[in-house]
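Colleague: From first to last, the protein sequence lines stand for chains A and B. Residues 347 to 562, numbered by the working numbering, are exactly what the first sequence covers, in order. Residues 347 to 562, numbered by the working numbering, are exactly what the second sequence covers, in order.
Honestly, the hints are just simulated from the structure, not real lab data. There's no promise every hint is true.
Identical copies look the same in the list; a pair holds intra-copy or inter-copy alike.
[Unchecked claim] Pairs of lysine to aspartate or glutamate, EDC-like flavour, derived with a Cα cap of 16 Å:
1) 357 / 488
2) 534 / 515
3) 523 / 549
4) 454 / 549
5) 516 / 488
6) 454 / 545
7) 454 / 508
Protein chains: 2
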Amino acid sequence: MTARSHFKIPKIPEMTIRRLSVYTRCLLQLEEDGVKTISSQELAERFSLNSAQVRKDLAYFGEFGVRGIGYYVSGLKAELQKILGLDREWPVALVGFGNLGSALFHYKGFARQGFRIAVVFDDDPAKAGRSVDGAPILPLRDLPRESKARNLQIAIVAVPAESAQSVTEKLVAAGIKAILNFAPTRIKTGRDVRLKNVDLSIELESLSFYLAQGGR
Amino acid sequence: MTARSHFKIPKIPEMTIRRLSVYTRCLLQLEEDGVKTISSQELAERFSLNSAQVRKDLAYFGEFGVRGIGYYVSGLKAELQKILGLDREWPVALVGFGNLGSALFHYKGFARQGFRIAVVFDDDPAKAGRSVDGAPILPLRDLPRESKARNLQIAIVAVPAESAQSVTEKLVAAGIKAILNFAPTRIKTGRDVRLKNVDLSIELESLSFYLAQGGR
Numbered sequence: 347m348t349a350r351s352h353f354k355i356p357k358i359p360e361m362t363i364r365r366l367s368v369y370t371r372c373l374l375q376l377e378e379d380g381v382k383t384i385s386s387q388e389l390a391e392r393f394s395l396n397s398a399q400v401r402k403d404l405a406y407f408g409e410f411g412v413r414g415i416g417y418y419v420s421g422l423k424a425e426l427q428k429i430l431g432l433d434r435e436w437p438v439a440l441v442g443f444g445n446l447g448s449a450l451f452h453y454k455g456f457a458r459q460g461f462r463i464a465v466v467f468d469d470d471p472a473k474a475g476r477s478v479d480g481a482p483i484l485p486l487r488d489l490p491r492e493s494k495a496r497n498l499q500i501a502i503v504a505v506p507a508e509s510a511q512s513v514t515e516k517l518v519a520a521g522i523k524a525i526l527n528f529a530p531t532r533i534k535t536g537r538d539v540r541l542k543n544v545d546l547s548i549e550l551e552s553l554s555f556y557l558a559q560g561g562r
Numbered sequence: 347m348t349a350r351s352h353f354k355i356p357k358i359p360e361m362t363i364r365r366l367s368v369y370t371r372c373l374l375q376l377e378e379d380g381v382k383t384i385s386s387q388e389l390a391e392r393f394s395l396n397s398a399q400v401r402k403d404l405a406y407f408g409e410f411g412v413r414g415i416g417y418y419v420s421g422l423k424a425e426l427q428k429i430l431g432l433d434r435e436w437p438v439a440l441v442g443f444g445n446l447g448s449a450l451f452h453y454k455g456f457a458r459q460g461f462r463i464a465v466v467f468d469d470d471p472a473k474a475g476r477s478v479d480g481a482p483i484l485p486l487r488d489l490p491r492e493s494k495a496r497n498l499q500i501a502i503v504a505v506p507a508e509s510a511q512s513v514t515e516k517l518v519a520a521g522i523k524a525i526l527n528f529a530p531t532r533i534k535t536g537r538d539v540r541l542k543n544v545d546l547s548i549e550l551e552s553l554s555f556y557l558a559q560g561g562r
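Let the hints inform the model, and build the full structure from the sequences given.
Modeller: Written out as structure tokens, the structure is:
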């Protein structure tokens, strides 16, 4: 990986960031259950985590534990949300409003974390010009204008594999800084753009691994 | 985590299994490019992996490298596919044929890896009784019979959060051994069933993390 010099972050493992998301969900659950403070051991036991890993992950970002008390649940949750950028709302562009795009648009989990799909792009004349739950569906040529007007920085790509790369290039040209790609293909962005490929079949493979290894 | 005594597997980190899926994809790409052998260093460089990690992950399953040659691309790919259970076809049950279920049904990536959605369950009277691309859509009460007849072991849950737990219990009762849950909620299974929760917003959070930390 090339260093991204404009990001002021030490080298933090991607899995640490992923785990911060998991910790945030655990803390939210604890908060709902009325738990005020928790030790890393209790946290680990309750949610099947590794307590040494929890401490190591958090240590990248500061000293959050209090001797003899542990972590303040609400305080730590708020800190992690801030670190993850969840203390604000992110307007998100969704490109592609087919089966998958439509499902992602309606996915309840995004909005709950502050990711609001503000605009949808799809060149299908049967879709462009309409709107869905208040979000306009626009042709891709409107991307540069909308990107600027709505201060879009994150885009979700849910187009067929064959158009994923060209769509990505248009997003990058329009100033999008982070892309979540659901198209089942490898796409490339420049160094300045964060890209995350979601390959849903990898999730199934970790299940078939256990079934294949299991004594049957 | 409780030990699952009926699985004959040493304690292999979940991330190792996930990475095996990634390595398999890299090897497939190399095979398509006509590459016959590759060292762990070359593999790591070409796909931005960590060569020590590659060696460590593979070492859980055997000795695959040949001194002075590296890995035989096709041979290693086939071995990894076998380990991941990708050397066979898995009939999969999909529960829920709403927006997300429909998108998952049509997701190209599953079939490519040998996961064939053989049957869909949905109690919506407008859907049950129909079929989609050759797969029947059936009411949930048919689950026990179909599970046996089709030797179903894997199910994908794509129902609303509020019905995810009851659906899961029906799947477990019908003998399903592995569940991939897309419903945005925590569900519980017994010890004998492998469960994997997919939380799509975690993927977006790792992007907002970089944007939040980045100098803007």
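Colleague: Give a verdict on every hint.
Modeller: Do the hints match the structure? See the list:
1. 357 / 488: So residue 357 and residue 488 fail the 16 Å test inside a copy (37 Å) and across (51 Å) alike.
2. 534 / 515: within (8 Å within a copy, 42 Å between copies)
3. 523 / 549: Classified as between; 15 Å across copies, 26 Å inside a copy.
4. 454 / 549: Between copies, since 14 Å is at most 16 Å while 20 Å is not.
5. 516 / 488: within (11 Å within a copy, 47 Å between copies)
6. 454 / 545: Between copies only: 10 Å across, 20 Å inside.
7. 454 / 508: Answer is between: at 12 Å across copies they meet the 16 Å cutoff, but 28 Å inside does not.
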